[in-house]
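Going line by line, the protein sequences match chains A and Y.
Each residue of the first sequence is one higher than the one before, starting from 1 at the first, in this note's numbering.
Each residue of the second sequence is one higher than the one before, starting from 1001 at the first, in this note's numbering.
These are computed hints drawn from the structure, not numbers from a lab.
Beta carbons: idealized from backbone N, C-alpha and C, even for Gly.
Errors might be hidden in some of the hints.
Simulated coverage check for chain Y against chain A, where a stretch passes if three residues somewhere in it have a Cβ under 8 Å from a Cβ of chain A [stated by the list, open to error]:
1) 1179-1186
2) 1244-1258
Under 10 Å between C-beta atoms, here's a sample of chain A residues computed to sit facing chain Y [unchecked claim]:
3) Ala72
4) Val87
5) Lys88
6) Gln91
7) Pro93
8) Gly97
9) Leu106
10) Pro107
11) Ala166
12) His169
Cβ-Cβ distance ranges computed for the label pairs, FRET-style [claimed, not checked]:
13) A/Ser248 / Y/Val1014: 54 to 60 Å
14) Y/His1263 / A/Asp143: 56 to 62 Å
15) A/Pro39 / Y/Leu1259: 46 to 52 Å
16) A/Arg34 / Y/Ile1033: 53 to 59 Å
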Amino acid sequence: MSAALHRIDTLAPRAEASGTHIAIAGLTKTYKTRGGSVPSLKPIDLNISKGEFVAIVGPSGCGKSTLLKLVAGLLPATTGTITIGGVKVTQPPDGVGMVFQSPVLLPWRTVRDNVLLQVEMRGRPVAAYREAAARLLHTAGLDGFEERFPWELSGGMQQRAAICRALVHDPEVLLMDEPFGALDAMTREKMNAELQRIWYETRKTVLLITHSIPEAVFLADRVVVMSSRPGSIEAVYDIDLPRPRDLSVMGEGRFVRYTQEIRKHFFAQGDLDH
Amino acid sequence: MTDTLLVQSTRANVLSKLMSMDAIRPLILVAVILVGWDLAVRLLRIPPYLIPAPTLVIEQVIAQWPMLLRETMPTLTATLGGFALSALVGIPLAMLIASSKTVESYLYPLLVFSQSVPKIAVAPLFVVWFGFGVLPKIISAFLLGVFPVVVSTVLAFKSVDKEMIDLARSMRAGGLRTFIRIRLPHALPGIFSGLKVAITLAVVGAVVGEFVGSNSGIGYVLQVANGNFDLPLMFAALFVLSMMGVILFMALDAIEHFLIPWHASRRPDPNSGT
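Chain Y with its partners taken away, still in its complex shape:
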């Protein structure tokens, strides 16, 4: 008796359970947006050279898939290269800034100044300096990615509790031990929040680099499609680019999950009904 009741209630809950799965929710939203987009294009009779219908874009993604995949590779290389450089330069630089008021007063204003320079304006300069290879794209991705890494990491290292440091001192720990066992793990969540912003900005930086001087990459595809008024291809390229950004972000999120399982944002929600 109770068993059959349980089965019935389970069936009734399947839909609501599916709706509440974290992985499903964004897909539901995407589906809603696609339907709305399709309806708007059909009902308002928007011509494909202004906004193509989603079906047209999907067709284009499928038709051009080998080309899109091939052109993704240089963009991915530039993005990862720029991101790696952002982390390798940004984190030590931030540690230096966080450790000394003198270094901070020298470096920080300069960093903010450099960030205020529009990258798109100086990107052609990199072509002049570094040619048409992958290097100017990496530098462009790096310039966009490094700033959030530095800002987040400086804040992360500066926000260690005074009491934690007192605790370390009361245990007669040296600077290196305190760094490895307290300062660094404490700063990891902050560093990762900077890295996550950096990876999405690095994608933008790589594309900006490809805009100004390239004959390959998604940025180049976008330029060509734009020039030919081939909006379905342009949207298809944008879709591939966004997916790349999402996948990179999720990969970073997974690494963060692995390294910082203890963080407050990872704890089970006490209000969830399970």
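If we strip away everything but chain A, and leave its shape as in the complex, we get:
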């Protein structure tokens, strides 16, 4: 197709110079059910560099959420290894912040206390992180809502608060599991723009799971396409679009070509959700 599209068939890390941050090698996951063992992930190999934004797209049930839970140390791997910063993941690692499909805010805590929950649960001194929490809430446009309760916020604001919570302890890695899946299309685009801005300011290593191809292309340095049952990596795309990106980039020719190229994988598989 277009020369601007650069498909990488080898799964080697793109920029070894900046250092591999997350290394996934030979990772498989098999669920044991009453009907026998169900393979969820075929061997996955993926390296993510420090400060890189990687998005994983795939159809429903391709195991992309399972992959994220494995990286987060919430599930044990069947075979293979994951290392973050050279340390093997056997339990939830320290320098990681997680955003879930739903905001999962505690209804009995104010927005600020929900953000600070991250610090409390880790047994760190809360007072030392108040400033960081205030700064993040300001960045996320939640000024004036610090003392409100989650149910007083819109869905988009709740998810922004959840992102603040994932970042308040200044983790090196941000893991996001379809964080905007429950939002309407307009709010979602706005959230994409904001997440991009937050990432641009903080330069965390980000692994984002999504089933929205435009979202993946808009946000990521690399888009990993997964095929379904059992999940495996089908292709990896380098997204060569200048940063910072704003939402108008979605109308540009290069952007559209990326999304078309990625979408072909799903048409070939015969199932595309959303």
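Using the hints provided, position chain Y relative to the given structure of chain A.
Positioned in the frame of chain A, the structure of chain Y alone reads:
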């Protein structure tokens, strides 16, 4: 001009505002029932030994007030004792059941079985075992109160979102922190709904205990009044008993309001016109 209009409309609204006050509504209903009761007794010429007129009951409440108040004390003691025991035994027992499938399979069927035994049938047994003191009444109140506490609390602790627990794990929180900061506050509304059922049942249990072996308490007054065909006194005793139940329930409601101001049932009604 606008001021006078405002005053007029305010006056016109006083009645409808009074009608819509939450505290007034049940009183209005009580008044309607009393008037209906009085009319029915007068028009249908029901003799006082079948159903006494409300005026007769009110007279009796006033005349016998010191005695009724005195006899309320043992009933109140037994109720509160039984209720406290229900909470102290029921909540930890429920936590144990909710935490382990093995414990659940041992305990739950036995609990249901014990609940199916009619308390009124075994109450005389408590007199044989524990004498005529306050203890058998407390046990009777406890036996009625503990079951709703256990059932509600088990459900409350089991209904914690999987994502909330994943969140806690991703924050590397230990079991105790997760319990104190997530599981317990999450379960509080459920625990309180069990406690509220328990307090009203504890009143019933205390009276049942007094029926079978006592020479004091509202249950005893009821027995004596019933034996003498003194229906006004019986209704007066029932009135005092019900008021005790209502006051205890409201006290518990106030504690709940204080502890769980965040719960969905406490949020301002978005449809109310204020």
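Which numbered conditions among the earlier hints are violated in the structure presented, ordered from lowest to highest? Violated: hints 2, 4, 5, 14.
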